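Novice: Please work from the sequences and hints to get the whole structure.
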Amino acid sequence: MFLKVSWIDISEGIIYPAYFLEVVAVSVKKYKTLAIYDVVETKRRNKLVKCLQHYLIRIQKSAFEGDITPKQCKTLAKNAGSIIDPQEDLLRIYVIYDVGKLYDWGKRKAQPEEVIIV
Numbered sequence: 001m002f003l004k005v006s007w008i009d010i011s012e013g014i015i016y017p018a019y020f021l022e023v024v025a026v027s028v029k030k031y032k033t034l035a036i037y038d039v040v041e042t043k044r045r046n047k048l049v050k051c052l053q054h055y056l057i058r059i060q061k062s063a064f065e066g067d068i069t070p071k072q073c074k075t076l077a078k079n080a081g082s083i084i085d086p087q088e089d090l091l092r093i094y095v096i097y098d099v100g101k102l103y104d105w106g107k108r109k110a111q112p113e114e115v116i117i118v
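Here the sequence shown is numbered in this note's numbering, starting from 1 and rising by one per residue.
Careful, some of the hints might be misleading.
[Unchecked claim] Each pair of labels, with its calculated beta carbon distance range:
(1) L34 / E88: 15 to 25 Å
(2) K30 / Q87: 29 to 39 Å
(3) K30 / A63: 28 to 38 Å
(4) N79 / K29: 12 to 22 Å
(5) K50 / K71: 15 to 25 Å
[Said to hold, decoys possible] Calculated cross-link-like contacts (lysine to aspartate or glutamate; reagent style DMTMM-like; alpha-carbon spacing at most 25 Å):
(6) K47 / E65
(7) K78 / E88
(8) K78 / D89
(9) K43 / D85
(10) K50 / E65
(11) K47 / D89
(12) K78 / D67
(13) K29 / D67
(14) K61 / D85
(15) K43 / E88
(16) K43 / E65
(17) K30 / D67
(18) K47 / D67
(19) K50 / D67
Hints were generated in silico from the structure; no laboratory data involved.
Being a predicted model, the structure only gives us computed values, none of them experimental.
We put the beta carbon where it would ideally sit given N, CA and C, even for glycine.
Specialist: Rendered as structure tokens:
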């Protein structure tokens, strides 16, 4: 019996076997993350929205959610936190680690297509 291996070329011309990429993708832990905000000034609000859209998906006018890695979560908190004025604005980022429940009702926003490496 032979094992059929397909090879995938990613970043910097390095070629990896497809099964290696599957293992890497599965082993990367992601956390369900919810960010809500109330920002007074339009310029700051637009800058914050751009920052949040880089990591998360907008689900309401002032709410974003998504599945991101712990490293992305730290970067998001650092970048987004530096944009707001703590005297006037509100930004909350909720991170759901290993255990949590999500009850979901109602119309869903279109989700971007997931990238599946085979």
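Novice: Each of the hints needs a verdict: does it hold here or not?
Specialist: Consistency of the hints with the structure:
Hint check: L34 to E88, Cβ distance near 22 Å, so the stated range 15 to 25 Å holds. With their beta carbons about 33 Å apart, K30 and Q87 fall inside the hinted range of 29 to 39 Å. At roughly 19 Å, the beta carbons of K30 and A63 sit outside the given window of 28 to 38 Å. Between N79 and K29 the CB atoms are about 21 Å apart, so this pair conforms to the stated range of 12 to 22 Å.
Separation of K50 from K71 is about 20 Å and conforms to the stated range, judged on CB atoms against 15 to 25 Å. Proximity of K47 to E65 is assessed by CA-CA distance (about 17 Å); at most 25 Å being required, the pair is judged to hold. Pair hint K78 plus E88 holds up; C-alpha atoms about 18 Å apart against a cutoff of 25 Å. Of the supplied pair hints, the one linking K78 and D89 holds, its CA atoms being roughly 16 Å apart against a limit of 25 Å.
Restraint check for K43 and D85: the C-alpha separation of about 12 Å stays at or below 25 Å, so the hint holds. A C-alpha spacing of about 14 Å is found between K50 and E65, which places the hinted pair at or below 25 Å, so the restraint holds. For the hint linking K47 to D89, the alpha-carbon distance of about 13 Å falls within 25 Å, and the restraint holds. A threshold of 25 Å between alpha carbons decides the hint, and for K78 with D67 the separation of about 17 Å falls inside it, so the pair holds.
Taking the CA atoms of K29 and D67, the gap is about 9 Å. The hint holds against a cut of 25 Å. As the CA atoms of K61 and D85 are separated by approximately 19 Å, the hinted pair is consistent with the 25 Å bound. With a C-alpha separation of about 13 Å, the suggested pairing of K43 with E88 holds against the 25 Å cut-off. For the suggested pair K43 and E65, the alpha carbons sit about 22 Å apart, so the restraint of at most 25 Å is met.
Between K30 and D67, the direct Cα distance comes to roughly 6 Å. Compliance with the 25 Å bound is thereby established for this hinted pair. Note on K47 and D67: the hinted pairing holds, with a Cα-Cα distance of about 21 Å set against a maximum of 25 Å. About 17 Å separates the Cα atoms of K50 and D67, which keeps this hinted pair within 25 Å; it holds.
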